[in-house]
Amino acid sequence: MSPDIPGEGDLWRSSWEAAVDGAVAVVDCREEIPCNPCEEACPTGAIRVGPDICAAPRFDPQACNGCGRCVALCPGMAVFLLDRREKSGFARVTVPYEMGERPVEGEEVQVVDGEGKALTGGKILKIRALGGGAPTLLVTVRVPESVALKVRGVRYRLMERDGFREVDKLPSLADYPLCRCEDVPLERVRDILRTGLKSLPSLRRASRVGLGYCQGMFCQSSLRQELAEATGREGEEIGSFRVRPPVRPVKLGFLGGGNA
Amino acid sequence: MNLHEESRPLVVVGAGPAGLCAAMEAAGAGLPPLVLDEGSQGGGQLVKQIHRFFGSREHGAGKRGFEIAVELVSGCLEGGAEIRLGHRVLGFFRDGRLLVDGGEGVFLLRPGATILATGAVERSFPFPGWTLPGVMGAGAAQTLVNLHGVLPGKRALMVGAGNVGLIVAYQLLQAGMEVAGVIEVSRRVGGYLVHAERLRREGVPLFLRHRVVAAEGGKEVESVLVEDMETGALKRFLVDTLCLAVGMAPQAELAAMRGCRLVHVPELGGFLPWHDREMRTDHPGVYVAGDLAGVEEASVAMDEGRLAGLAAARDAGVLDPGKAAARMREIGARLELLRGGPFGEPRRRAKERLCSLPGSARGREDGDRVRRKGRLKKR
Ligand SMILES: Cc1cc2nc3c(=O)[nH]c(=O)nc-3n(C[C@H](O)[C@H](O)[C@H](O)COP(=O)(O)OP(=O)(O)OC[C@H]3O[C@@H](n4cnc5c(N)ncnc54)[C@H](O)[C@@H]3O)c2cc1C
Ligand code: SF4
Ligand code: SF4
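Protein chains in written order, with the working numbering: chain A, 2 to 261; chain B, 3 to 381.
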């Protein structure tokens, strides 16, 4: 292992080494997910997923010409370009960019790592729009080589870190509706359950949960959950609401055939 | 009640990726369908997806969701299918007729065959303050920002680190909102790592083993109280929007009304219509596809739609069984691959279990008896 690969050790060694001759891809995609646009995008066959679409992509830097098509088309935004040909202690890194704020060539931006922490400031050398349909911007920044492999993005906005306050004591919480259409409080449902009611239809009738406007679209799963907890049964044993037309709210006169 | 009635050889309910692919395949096989959707655009979930999609070329991967939607709609129309938007299907009666609200009035459809591709609905769960304005499904927030160009608020907290939660949180950032974090009850991120990392590099923290305690505020959400489930520590996030991405459930009402057998499969989103490998339900002439047949992904929905379209055309006698079988094998092999890997495997097994259950009326009776017996024993 060569000690001069900063940061991520051996993971991107071959990309790091090939990058002295010009831009090559750095592929940061290690999970088995059903995806292969990188392979489809690549004109040289440098990225391959193979017939098993869930395989993680394999990358051959020798075959890569640095065109950046994979960077633009990867839905996970998990491919970057690294270019070390300057050999001045600085590298050029290209990242995909899809945020609202428009980057400008020549501008200094904040360059961030995978956790969103600022690594350094970097000058935007080049911006390209690539990819069919609505394109993705490829932003190339110049950064010190020592951080180059850690770069995962450029950012304009600074998010407030730790955007929460610790709270010592749980405030008293009032009862709340389980069913919003018929405004049935959770405690009322639990009271009914304590009477020993065990079937979903009778619980529905007794509590009115699910008999409102939404026909149970929002509350059915909550009611089934309460019933599951009270009876220890679940899934198919509990069953689901009986469905009657209409499945969407509609005025009765309208249904009668009369047109509004 | 004297309603206008129309007959059609094939009706597809739902113009999402599943319904559109079913329609295209059936039309190509010589059975041009009528496709109904209550939305104002064809494409289902795809129309609000601005991110590039996973999958392979056959599924439009690498393109943005709304671009795939446009392609599927034009493919359908060129193939000879008729698409009627703004049409809500209100009922599916046991005699096989559909009750449709066409906007101008209600009418009946008598289909030779019906493919249901009604997709899934977002789940919700109750907690103190869940009815305050500002609490919404992640899909609703996505519709607001991507379709209507309206921000639901300034600063949001996302509940659920599955793919939907991660993707929508990213899209809220793209639209100009702040995202204070993503909280998740489980120990692991449920969605793909690449989606989680995309979000983290924007400085959005993920809080695993955290749960919502309450949404707080007078007239609308002003803050959200969250508990660290490991330590019991409480955190209060100052946000005006709380998005819930806690799963989807198949929208099986129409199938249930028709009398199709429903089976409970937790890995696929809950209750869904039983079906075989060719997407046939236990009712002849009724097919299902897409998220309705198990919540998975658009790529799977497309291929299941294709299977349903082929099966309907073959069963109607317009497609040669040999040709149908060959094409189905090709699609089936692709589905098998899509359901590989650690994410697909549990769904593949659940589908297999579902398809191997008896689906016929006889099988159903037997199943009932077994279940009843089981319950007796338990008592
Ligand atoms: C945020 C998000 C991101 C996603 N990203 C990806 C991704 O990157 N890759 C991927 O493969 N998948 C992705 N998916 C999943 C994908 O969108 C769904 O799996 C897919 O859309 C399911 O297709 P469908 O046709 O079954 O249902 P839908 O797309 O939901 O379509 C169902 C249609 O039926 C209509 N309908 C329902 N009931 C009625 C009725 N009674 N009358 C008339 N019309 C009706 C609806 O209007 C809708 O248009 C994502 C989903 C979400 C929510
Ligand atoms: S940069 Fe171009 S040549 Fe290199 S892997 Fe990507 S698509 Fe292939
Ligand atoms: S396109 Fe991106 S996310 Fe998909 S396999 Fe290739 S590198 Fe991974």
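A few of these clues could be false.
Said to hold, decoys possible - Label pairs and their calculated CB-CB ranges:
{"#": "1", "chain 1": "B", "residue 1": "Gly324", "chain 2": "A", "residue 2": "Gly115", "range": "49 to 55 Å"}
{"#": "2", "chain 1": "B", "residue 1": "Pro360", "chain 2": "A", "residue 2": "Val251", "range": "34 to 40 Å"}
{"#": "3", "chain 1": "A", "residue 1": "Gly236", "chain 2": "B", "residue 2": "Arg279", "range": "18 to 24 Å"}
{"#": "4", "chain 1": "A", "residue 1": "Glu237", "chain 2": "B", "residue 2": "Glu84", "range": "33 to 39 Å"}
{"#": "5", "chain 1": "A", "residue 1": "Gly134", "chain 2": "B", "residue 2": "Gly41", "range": "34 to 40 Å"}
{"#": "6", "chain 1": "B", "residue 1": "Ser188", "chain 2": "A", "residue 2": "Arg166", "range": "33 to 39 Å"}
{"#": "7", "chain 1": "A", "residue 1": "Arg86", "chain 2": "B", "residue 2": "Met231", "range": "27 to 33 Å"}
{"#": "8", "chain 1": "A", "residue 1": "Asp184", "chain 2": "B", "residue 2": "Leu359", "range": "38 to 44 Å"}
{"#": "9", "chain 1": "B", "residue 1": "Val152", "chain 2": "A", "residue 2": "Lys88", "range": "16 to 22 Å"}
{"#": "10", "chain 1": "B", "residue 1": "Gly41", "chain 2": "A", "residue 2": "Leu12", "range": "32 to 38 Å"}
{"#": "11", "chain 1": "B", "residue 1": "Glu224", "chain 2": "A", "residue 2": "Asp184", "range": "54 to 60 Å"}
{"#": "12", "chain 1": "A", "residue 1": "Pro104", "chain 2": "B", "residue 2": "Gly41", "range": "54 to 60 Å"}
{"#": "13", "chain 1": "B", "residue 1": "Met231", "chain 2": "A", "residue 2": "Gly115", "range": "22 to 28 Å"}
No lab work stands behind these hints, which were simulated from the structure alone.
Note that beta-carbon positions come from the ideal geometry of N, C-alpha and C, so glycine has one too.
Structure versus earlier hints, numbers of those that do not hold, lowest first: Checked against the structure, the hints that fail are numbers 5, 6, 7, 9, 10, 11 and 12, while the rest are satisfied.
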